[in-house]
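A.B. asks: Sequence:
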Amino acid sequence: MRRDISCILADWGTTNLRAWALGGDGVAIDHRGQGGGLLAVKDGRFAESFAAFCGDWLDARRPVPAILSGMVGSKLGWKEAPYLTAPVALADIGRQLCFVDDIPGASVWIVPGVRLDDPAQPEVMRGEEAQILGALAMLGRDGGVFLLPGTHAKWAIVEAGQLIAFRTYMTGEIYGLLRGAGTIGQLMEGDAQDPAAFRRGVERSRSPDAANLLHSLFSVRTLGLLGGLPRTGLASYLSGLLIGAELQDGAGWLEARGLPRSLTFIGSPEMIEVYKAAAELCRLEQTSIESSAILPGALFAIARAAGLVADSVGRT
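Per numbering that gives the first Met the number 0, the very first residue in the sequence shown carries number 0; after that it's consecutive.
These aren't lab readings, by the way, just hints derived from the structure by calculation. There may be inaccurate statements among the hints.
[As the list claims (entries may be wrong)] Derived Cβ-Cβ restraints for the label pairs, each shown as a range:
(1) Glu188 / Gly22: 48 to 54 angstroms
(2) Pro207 / Ala309: 56 to 62 angstroms
(3) Ala195 / Asp3: 48 to 54 angstroms
(4) Ile28 / Asp190: 34 to 40 angstroms
[As the list claims (entries may be wrong)] No more than 35 angstroms apart at the CA atoms, straight line, and that leaves these computed lysine-lysine pairs for DSBU-like:
(5) Lys74 / Lys275
(6) Lys74 / Lys41
(7) Lys78 / Lys41
Note that beta-carbon positions come from the ideal geometry of N, C-alpha and C, so glycine has one too.
Go ahead and model the full structure; you've got the sequences and the hints to work with.
C.D. replies: Given below as structure tokens:
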């Protein structure tokens, strides 16, 4: 491995870990990814796990900063990084990193999460704030509405570089739970995608009679029991129903705030394609950015703002 690594950047979530070794110019020298998320770390041995993952990126004679984002900064992670309270100036996140530890070859820091205080329903995020910062830089904008699909999908509003509000939907988690157990899951067969069934689920979510998701979810069971859908299409129908319900409610949230129904998706190519198909049916304008294309640059900018690496003109 070349020894001109200036920093190590990582996105460390509950189920996945991906990292990049960057040179002084911010260009990736190497990258790695695996399923070794927080759940794979035994007995809280995060330092050992991270050192083993980085391997030959680390040189005890030439330590570099390592900047981590995501659930690694949660109560279940390496060290809990305090939340910043929204509204948050995203460009200032680097000035509030949480120091974790020095390990052979690296000094480890965690990007803080963001909280939104609301007596009725508080909100929190970890990792999405870095992705949104990267999206703004790539788009050359200081605002917009961003949707980050996943286990807990996030809708976020940014104005003048500040994350002012966001909203969470447990779409992916509910899908996984219903897909894997209970009376609905028992009826499902196979893992093949069924676009027609997915479309039917999205369209059902837009029906006035489906405004209450607890009611409309029962249609997954009855359509399977009574032959309205093949059992091989029930998982796709459920996915469409849940994503459609999320998009309907999220669009209403934007309209209540006087914002247009226009979104920028940030995520994996697979998740983006699924959400794009649903967004078109829900008549939502959308563009998309793959998270892997923006995270290294965003975390490198955070490292520069923190003074951990030199910027492009040599200042620290």
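A.B. asks: Would you mind marking each hint as holding or not holding in the structure?
C.D. replies: Checked hints:
1. Glu188 / Gly22: 48 to 54 angstroms: For Glu188 and Gly22 the Cβ distance comes to about 50 angstroms; the hint holds.
2. Pro207 / Ala309: 56 to 62 angstroms: Roughly 58 angstroms apart at Cβ, these two residues keep to the hinted range, so it holds.
3. Ala195 / Asp3: 48 to 54 angstroms: Holds: the Cβ-Cβ distance is about 52 angstroms, inside 48 to 54 angstroms.
4. Ile28 / Asp190: 34 to 40 angstroms: holds, 37 angstroms
5. Lys74 / Lys275: holds, 33 angstroms
6. Lys74 / Lys41: Holds: Lys74 and Lys41 sit about 15 angstroms apart, inside 35 angstroms.
7. Lys78 / Lys41: holds, 15 angstroms
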